Amino acid sequence: MSDIRVSVRLFASYAEAAGTDHVDLVLPSGATAADCLAAVRAAPWAARVPPGPALAVNRRYAKGDAGLHDGDEVALIPPVAGG
Amino acid sequence: MRAWLTDGTIDVAGLLADVAADGNGGTVVFLGTVRRSAEDGDIAAIEYSAYREMAEPELGRIVAEALAQWPGARIVLQHRLGVVPTGEASLVIATSAPHRADAYAASRFVIEETKRRAPIWKKERFASGATRWVEGRPAGGER
Chain Y
1 MSDIRVSVRL
11 FASYAEAAGT
21 DHVDLVLPSG
31 ATAADCLAAV
41 RAAPWAARVP
51 PGPALAVNRR
61 YAKGDAGLHD
71 GDEVALIPPV
81 AGG
Chain R
84 MRAWLTDGTI
94 DVAGLLADVA
104 ADGNGGTVVF
114 LGTVRRSAED
124 GDIAAIEYSA
134 YREMAEPELG
144 RIVAEALAQW
154 PGARIVLQHR
164 LGVVPTGEAS
174 LVIATSAPHR
184 ADAYAASRFV
194 IEETKRRAPI
204 WKKERFASGA
214 TRWVEGRPAG
224 GER
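Protein chains in written order, with my numbering: chain Y, 1 to 83; chain R, 84 to 226.
Don't read these hints as lab results, they were simulated from the structure.
Remember, it's a predicted structure, so these values are computed and weren't measured experimentally.
One or more of the hints may lead you astray.
For lysine to any residue, the following SDA-like pairs were computed, each having C-alpha atoms within a straight-line distance of at most 25 Å [stated by the list, open to error]: (1) R:K198 with Y:R60; (2) R:K198 with R:A127; (3) R:K198 with Y:Y61.
Selected chain R positions facing chain Y (Cβ under 10 Å, derived; list incomplete) [what the hints assert, rightly or not]: (4) M137; (5) T197; (6) P202; (7) I203; (8) W216.
All C-beta atoms, glycine included, are put in the ideal place defined by N, C-alpha and C.
Construct all of the structure, not just a fragment, from the sequences and the given hints.
Following this line, the structure appears as structure tokens:
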């Protein structure tokens, strides 16, 4: 099966730590949200992104075992502080 | 019933008008305002940022959940983004219901869920020019 492309959004302190707010990744078919996070954290520019952020897939919170599909948008959500 | 983000000052009177209804005798308005406190330091403003494409739907889901629990209620909210000076509101929630118990309960539910789930962050801006990210809480999904 072919690889999938996902776009990863970073915000707030994570975007500052990574030096970017957006990165596109190619992952193997069947990859999960946790696999995506691991790929992000393995990149040298992401060394300061903490290990356990909340995750969103296609603008809804998701667990690490959520399966990803080609074209999905994954977001790493730092601890929130709205309101 | 709407929940949305705004980059300008929040129109509280407009939100009150949105929830007004002849059958609703109790109306509650919550304002979250930027405060300056001794322990936090000389905060001049707070800069709010958001995952906009998710924040609006998530706020909409919160309001929908509140309406499911309190079906007679009317609920609107606005969350302001960008730089909000001390003393100004960053969030306004207006609820109304036939009786006050539901208006209060719906208001409380919406503020607590907003703080728990909305993908929104804030950075303190001090009079000195320094900035500091506010330590948030781990984001929760639906209960």
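Against the structure, the hints:
1. R:K198 with Y:R60: This hinted pair holds, its Cα atoms lying about 16 Å apart.
2. R:K198 with R:A127: 22 Å, holds
3. R:K198 with Y:Y61: Given pair R:K198, Y:Y61 holds - Cα atoms ~15 Å apart, limit 25 Å.
4. M137: 4 Å, holds
5. T197: OK, holds: R:T197 within 10 Å of chain Y, min 5 Å.
6. P202: 5 Å, holds
7. I203: Interface hint status for R:I203: holds (3 Å vs cutoff 10 Å).
8. W216: With a minimum Cβ separation of about 5 Å from chain Y (threshold 10 Å), the hint on R:W216 holds.
Checked against the numbered hints above, the structure breaks none of them.
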